[in-house]
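Q: The listed protein sequences correspond, in order, to chains Y and F. Mapped onto this note's numbering, the consecutive letters of the first sequence carry residue numbers 1 to 320. Mapped onto this note's numbering, the consecutive letters of the second sequence carry residue numbers 1 to 350.
Hints are computed from structural coordinates only; laboratory data are not their basis. Just so we're clear, the structure is a prediction, and the values are computed from it rather than from any experiment. Heads up, some of the hints might be wrong.
[Claimed, not checked] Some chain Y residues close to chain F (C-beta under 7 Å, calculated; not the full set):
hint: 1; residue: L83
hint: 2; residue: A103
hint: 3; residue: L104
hint: 4; residue: W222
hint: 5; residue: I291
hint: 6; residue: S299
Quick reminder that beta carbons are idealized off the backbone N, C-alpha and C, glycines included.
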Amino acid sequence: MDPILLLASLMVASTPILLASLGELVVERSGVLNLGVEGMMITGAITGFAAGVATNSALLGFVGAAAGGAALSLLFAVLVLWLRSNQVATGLALTLFGLGVAALVGQSYNGIRAPAMPDFRIPLLADIPVLGPILFRHDLVVYLGLALVAGVWWFLNRSRAGLTLRAVGENHDAAHALGYKVLRLRLLAILFGGACAGLGGAYLSLVRVPQWTEGVTAGAGWIALAIVVFASWRPLRLLLGAWLFGGISYLQLNLQAADVRLGFSLFGSRWELPADLQTLLFASAPYLVTILVLVLISSGKGRAALAAPGSLGQPFHASR
Amino acid sequence: MVAGGLLFAALGKDPFVAIRTIFWDPLFGDFASYTRPQLLIKAGPLILIATGLSFGFRAGIWNIGAEGQYVLGAITGAAVGLAVYPSESRLIFPLMVVAGALGGFAWAMIPALLKVRFGTNEILVSLMLVYVATNLLAWAALGPLQNPEGRGFPGSRNLSQWSASANPELIAGTGMHWGVVTAFAAVIAAYVLLARHSFGFNVRLAGQAPRAAAFAGVNPSRLVVACMGLSGALAGVAGLFEVTGPAGQISIDFNVGYGFTAIIVAFLGRLHPIGILLAGLLMALTYIGGEIAQTQLGLPAAAIQMFQGMLLFFLLAMDLLVQFRLRWKARAIEVPRTVIPQASPAGEAR
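Whole structure, please, built from the sequences with the hints as guidance.
A: Encoded structure:
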């Protein structure tokens, strides 16, 4: 396999989870745990697909996807922030609801092809040997994902609003006492998270697949949640995590397609893993690796747990 | 329900007819004699799984992977049964039930032990295992458990037609099978456990006041293992009853999402056994009513799924409005939350 091509595909394969987990990272940094990423992703996937088909433009599709994801997250925000419902339960409800919405809306879109997403070669940079094909010959959304990583990093570490957001996430009572608008900030963070998840979902339905199939996200939203933990809530590590998982899912598909057989040779006789077991192993690999990584991260003397925002998952009320 | 009516109206159906079809016709409509038994058949697994889940949810232990445990219970139970096919012994069915419980239990132990040993988030692990379980199911249905006389079709031998493993209707025309009996027994047992037993008390304590529970000597690790194990075993048993009864065989898609719907049922029943019993019946009603609405009104199946999600939203919103007042006083005297990291919900969430 050509390593340059491999790395280039890895960039594409990791984009959906990168976008979704980046949004969730900002949400969790503000102290809210939104477990509805999968639901928002698949809603974004279908609204993006519908908007893309209706306007015959993939780019407008992505706009629709962001709007769809944000709309669903607004529902979550109202329940969690103002009605102070349990964040875990509400997030789960959001996923179930989103899957239902997507299946309902998606019925009339079965079997339609998505409008093509043009690749955008960045002039000059695309001609650099090795780096050019890997980094600079993708569609706009891949660049958007990378730009968002940088943007979120800058926002959280260098901007006033970002530091306020972190303060709200670490200790909402103290932030409130300082006069910051806790609920408003969290609302904005949740909406951003929803829009990002929507974009990620639409990347699956518009570019990766590219057509509508029910359950197109297949757990990508949950993997995105795991990557946020993996990254210890830091944007740059998040990029690493997304590439790792994108790489695994890409490799898994390619190894299956290439009919590679796992096995070993011993004393001249070759032992091979039965084909059906191998399919099982490959198909489960992304999920198993996620679990493995979660174990490795959390077993590190509680370091990952310490990095979690202090107010994560706790409801806020100004009367305290 | 009003919002549901609006939803159906938006889909171009008469909302009143739709609501009546879903909630009234299954019980008293023209085909009620056929649909009424379905109510128990569908409610059985939901109640069984939700009862198990409710313990963990009360204690703040989130087992989201009941669907996976359900599938695993079905696979292991069926595998034990099929291993001795075609012998006829009365012991086979009970053995399969035990194997199903163990299968679900073992699958639930993975997230439980990882959480206890490494502090891994049980939500994510149990959910990832659902995807692994569905892959396992596909492998089992096409591989080791495939019916050798099935001419290459995926799926196992028909377990409901083999008398030693069958899980038949106990009273004709009611839909009552062993799974439903077990579900009712589980509801009663859960009620007694929560109200009268120290385990139930510990569960409630850990959920409502983690600090107090820590001081009272409740072992959090043991609680995680117990709650996860219980819900896993019940989900596994539910899977086995389904595969030997209504579903009849291990096939690629015999699971229809009971494990996920049971989460809604558990919350709809406010994590109380009796509430879960009623919520399970209600949810089964929406399933059956949804099927009727699908054939009679052309209402898409996904609309029902969305309706169920909406139901949960409204419940969560209302529930908290109710609790708002209840907790108002408790909030005022609460100690500042500079607590041990273990007891803080943030630590729990990850």
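Q: Confirm or reject each hint.
A: Quick rundown of the hints versus the structure:
1. L83: holds, 5 Å
2. A103: holds, 4 Å
3. L104: Holds. Min distance 4 Å.
4. W222: Holds. Min distance 5 Å.
5. I291: holds, 5 Å
6. S299: Hint on S299/Y: holds, closest Cβ of chain F at ~4 Å, below 7 Å.
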